[in-house]
Each structure stands twice: as C-alpha cells, then as structure tokens.
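Undergrad: Model the placement of chains S and E on the given structure of chain W, informed by the hints.
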Amino acid sequence: MKNEFLVSGSPHIHKKESISRIMWAVVISLIPTGVAGVIIFGLDALWVTLVSIVAALLTEFTFQVLTKKKITIFDGSAVITGILLAFNLPSNVPLWLPAIGAIFSIAIGKQVFGGIGQNIFNPALVGRVFLMASWPKYMTTFVKPFNYDAVTSATPLAALREGKVLEHISYLDLFLGKRGGCIGEVCILALLIGAAFLFVRGYISWHIPVTYIFTTAVFVYIFGGNKLFNGDWLFHILNGGLVLGAFFMATDYVATPLTVKGQLIFGLGCGLLTAVIRIWGGYPEGVSYAILMMNGATPFIDRYTKSRIYGTK
Amino acid sequence: MNIQEFLTIFISAVFIYNVILSRFLGLCSFIAISKETKPALAMSSAVMFVIVMSSAITWFVYRFLLVPFNLTYLRTISFILVIATFVQFVEMVVRKISPQLYRAFGIYLPLITVNCAVLGVAVLNIDMFFINGKAVAGSFYYSVFQGICVGLVYTLAMLLMSGIRERLEFCNVPEALKDFPLAFIIAAILSLSFMGFNGFKF
Amino acid sequence: MKNAIGEFTKGIIKENPTFVLVLGLCPTLAVSVSVANGIGMGIAATFVLLGSSLIVSLIRDFIPDKVRIPCYIVIIATFVTIAELCMKAYSPLLDRALGIYVPLIVVNCIVLGRAEAFACKNNLANSFFDGLGMGVGFTLALILISAIREFLGAGQILGHTLIKGFEPVFVFSMPSGALLVIGLLLGFFNIIKNKKS
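If you're matching them up, the sequences are chains W, S and E in order.
0 is the number of the first residue of the first sequence in numbering that gives the first Met the number 0; add one for each residue after it.
0 is the number of the first residue of the second sequence in numbering that gives the first Met the number 0; add one for each residue after it.
0 is the number of the first residue of the third sequence in numbering that gives the first Met the number 0; add one for each residue after it.
Excised from the complex, chain W in its bound form (with noise of 0.2 Å):
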C-alpha cells in the first residue's frame, strides 16, 4: 500500500491509511444516496451524477498536464467532488450545468489553491454557490419525487417559506425522501447508512455533524416558529442539505480545523449561519453557504485553538 506525505497544515491521514483509500471509502458511502436519488428522481439523477464526476475528472487532468503535476485522477477526490456537487443539484437541469459546475469546483475550488490538501474552501460547495449565482432559475426547480415525467413542485422549506404548507408529508416520508429536492439531499436515511459507514471506519469523527445539526436543531427550535420555543425542529433536519452537508461536507479533512476544539465551534458555526439564513434570510436553505464561510473561519479557528506544544509559550 502506498503511502503519500503531503506538505501541508492538514493531518488527514488519522493512521497509516493512503488517501486514496479514505476517499474510496467516502465514495462508496455515498453510493446508498446515488441509487436512493435514481430510484427517487429516475435516470437523470443518474445522468447529471455521471456528467459532473466525469467533468470533474478531465479537468483536474487537464490542470495537472498543464502545470506539469503529477496526475491524481484515480486518488478519488476528484469523484468525491464530482457526485457531491451533482447530490446538490436538483435532478432536471440540463447536462451542461453540472458540466460547468464541477470545471469551476476542481479549477477554482480546488487546483488554484494548489490541488489536494490544499483548498481552503469545500470544493463541491464552491461549485454550487457558483452555479446558484449565475443560473438561479436551474437551480431551484425541483420535479416531484416518483414522478419521471418532470412535473416541478417546491420543496417543504421553499414552500414553508412562503407560508404554504406542502400537501401532508410525514416525517417518515422527509426521512425516507419521497420529496422534492437535490438529488443527494432527500433520503436521509441512505444518507445515514452512509455516515455510519464513514464512522464505523473511523474515517469522520461525530464532533461537527452532530455539533452543527444540534446547533442548528436548537437555534431553529427557539426561534424557527411563530412564537418562541415554537420551531419544528424535525422538519428543519429533515429538510434540505442540513444531513448532507453536515455528514459529508462539513467534514471535508482539510477545510475544516485540525482541533476537536476547532471542530466544535465549526460545527457550532455552520449551525448557527445555517439556521439564521433559513429563518430570515432570502434564500430557504443556507446550508452550502454556511459551511463556506465557516470554511474560511477556518485558519482563524486553528490558530486560536491549535494546542500548545508543551515547553513553548
């Protein structure tokens, strides 16, 4: 097994794992969620899943035949970032869009900042918050789960925000995912299956996705309702990004602090940035851009919390 050193702040190698190996790992935990959102969404989840993870790949080869680097296709990472950012994206918006969306994550979310280990900012996310900005229209119409023919609906949080209540949807089905949304986003329970594979391998630790949904439960619950001590806090897990992003991109190794302490006001952070966004802010979900800005908190974070190597001021 191949060991790779890499210069860099991040120790994310935790034992003598080769990243290649993690980033398999976090591929396969994402496979429950792909075939969730195919059966779900129908073959374009599929489609718009294979469009990005190729993208993803031909530009991170492309940057690195060009700056004459060593060429890392196969490490996973590019995947990882591809299938993020299509599980972010609704499953109709026309092929070119994920094409586009993941050239931006790998060239300007990831290789700029000089390629693996090395970004400072969630690449998936980057290429997601590029994509809202420029296409919004795409990017926030949803077809109903179940239905192939493309028959758009809003999401629950779309629709809470306007003050509609989507027609009766049970938590059971939030959890199972019979709702309009991102193709990675709605089932949570495959999302979970997942996750508990990643902590099973010892690959994520339960500091920030348990901090942030936590944070982002309490905050939502005092202040998400029409009175105080009134929000539905269930329906704000349930919904939206919040499992996705707390699960798998808020872990991300080397955008996140280096800390348990760090982690814990990251993930207190992305809660709180979270649940103020989606309470009064103007977009229903805010889950990419809280975890961006916390992403650049970061090196604040690990420099006031980095521990003291003993015998040193």
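Don't take each hint at face value.
Each pair of labels, with its calculated beta carbon distance range [to be verified]:
1) S/D178 - E/A124: 30 to 40 Å
2) E/L84 - W/F60: 50 to 60 Å
3) W/Y303 - S/K34: 14 to 24 Å
4) E/C85 - S/K37: 38 to 48 Å
5) S/E35 - W/G281: 34 to 44 Å
6) E/S196 - S/F169: 18 to 28 Å
7) W/N225 - E/I191: 57 to 67 Å
8) S/L80 - W/F228: 54 to 64 Å
9) S/K177 - W/K69: 18 to 28 Å
10) E/K163 - S/F169: 47 to 57 Å
11) W/K68 - E/I12: 28 to 38 Å
12) E/K163 - W/W279: 34 to 44 Å
13) E/K163 - W/V64: 28 to 38 Å
It should be emphasised that the hints constitute simulated quantities derived from the structure, not laboratory data.
Think of the CB as a built atom: it goes at the ideal place given N, C-alpha and C, for glycine as much as any other residue.
TA: Frame of chain W; chains S and E shown alone:
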C-alpha cells in the same frame, strides 16, 4: 431616530452590501495588506479610527458649512481635505506621543487618506442621511454608526483574509496565481458565500 | 517627441495601471458591470488625470515639498468636482450609474500616484503624455473587464445582444464575478509575462 434604522444600517453594511466584498471600498488596501495578520490588524484599527472620526467631522462640515452657504458642490474637495488634514494631524500626534504606536501602525496612516472606504463612507452618509440638503433626524448618529459598522466589516474581512493567505503560504499555489490573483479569487469565493445573506429581513 | 510617445504607450501595456501596477481597483470592479459604464468612468478618470498631471507639472517648482500631497489632492479634487458637475449636468444617467465612484476618483491611487511619481518631476509635455497614456490604459482595462462581465453576465455588449439564445451567467454581473474576472485576468497576464521571460 429609530432603532430599526440602526439595524438596517448594520445588516446592510455587513451582509447585503458588504462594504468590501460588494461595494469594493477599501479593496486596494484589503488585497495589499492582508497577507499577514499583524499588519492586517494594525491597518484595520487605524482605518476604523479614521473612518469613525472622519464620518463625524465631515457630517459637521456638511451640515454647518456646506449646506447653509449653498456650497454642497464643494463636497468632494472639502471632504478629502478634511480627511487628509485629520490623518496628517493624527500622524503627528501619534509620532510625538508614542513612537512605539507609530511604528506599529503610524506608517499606514498616509495610506488611509487614499483609502476609498474613508471618503466612500463619508459620501455614502450624505447620500443616505440627507434629503435635499436637510439632515434626516438622527443623521449624525446614523453616520457615525455606519462608520463604525464599516470599520468592523473591514477588520473582520482583513482577519479572515490574512488567516487564509497565511495558511496558503504552505501550499504550492500555481506560480502565475501567487499573491494578487489568488487573493482576488479567494475574495470572489468569500463574496459568493456572503450571498447567502441576500434578502435578509428581520 | 519620441520620448513623449514612449511615455504615452507605457501606460497602455508595460505599466498598465490596472493590470500591472494594480492600482485603483475599487472603482474598476464596481463600475465594470457594463461597457457603457466602463467607458464613462474611463473618460472621467482620464480627464482628471490629464488635468491634474498638467497642473502639477506646471507648478511643480513652486510647491514646497512638505505640503505637496495636500496640494496635489486639492488640484485633483478640483478636477474631480468639475467632472462631477459636468456629468450631473450632461449625462445624469451615467452619473446615477456610477454613483459614489465619481467623487472617489479623487482617491483613485492612479491619479495621486502619477502626480507623486511622475508629474512633479517631469516637464509639461511628458506629463501630458504620461497622464494621457495612463488614462487610456485605464480605460482600455475597464473596457476589457466590463466587456467580459457584460457579455457573460447579461449576454450583451453596450446593450446589444450578441448571441441569440445565450444563457447569461448571472454571477458575472455580481461583485463576486468582478473579483473572479480580475483574479483570472491577472493570473492570465502573469502567465504571459512568465512565458516571455
């Protein structure tokens, strides 16, 4: 004068029309000095001080000098003179009182004269809180408060940026993108993420 | 005369104020949403540059060194005020589009920078061409950036749609798009510079 207005000013300056990432005031110094945290912090404090003070002084100049004598077209000249003089004055005082303080951030003071943020906020204050030459009730407090908010935003942005750029010193960024190009790209991504606050309503 | 031409052309490429000297970016990014705005700002700034460079060069031997910066500022501010008033009178639409960035020409580092670095040390003819060259270089940079942004962000140039059915990439009409464009352009010019050496 109402509290709502203060809240609006704050949200506007920080989130909706973020002074640096959206209005681009103070961008030059932001990109140039955010490479390391120490100078970034020094510059930010100096900027904050100058912005708040000049917001106050220019308000007085406009309200009691330019408006009554119908000289509002001299706004640009008088404001920049006020700012330049004030900065010169502060620099002299700091140099005399504390050479240490001067070494820490006195050197940035001349740069602040040409910092778009200072004149920009002064002009914004007038545009926002004077209607047809008449001061809106409480406009002085609004102006100073806006100055404070802008100073805070500037400091926050500098801190974030310097943290990021310091960390990038350890990364092998492509040669052509080192320093300025990458700084702009980072600012672009930060600007994109701040878009999450669009349409904020309390 | 040859010298003067040199002073003019250096402002366009070799010492382009925007892409090489990286000066005066605040207004550049803010107004470059459309080519029309870019040209308007460019013309206003060139006017101020020319005027102030000429005057500063004219009286350079009479300004005591200690108060030279405030003097330059007064001179520049005067020209900016003239530009402001003319714009308000003759093209109020442009004035509204450019907003606070017109008075901000006063603190545009390009203008003060040229006065400080060149006009106070050179004769009238050279200062004239230097100011003109910098102004033209600045305007060209503005046109380049705003052309990219207007085309990608709105599918138009100067208000005319170029390609039918083009889906505009809205982000380029936004501040983050501006930052992206300047970052990538600077990187691109760096690549060219590195290839040359």
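Undergrad: Need the list of violated hint numbers for this structure, in ascending order.
TA: none
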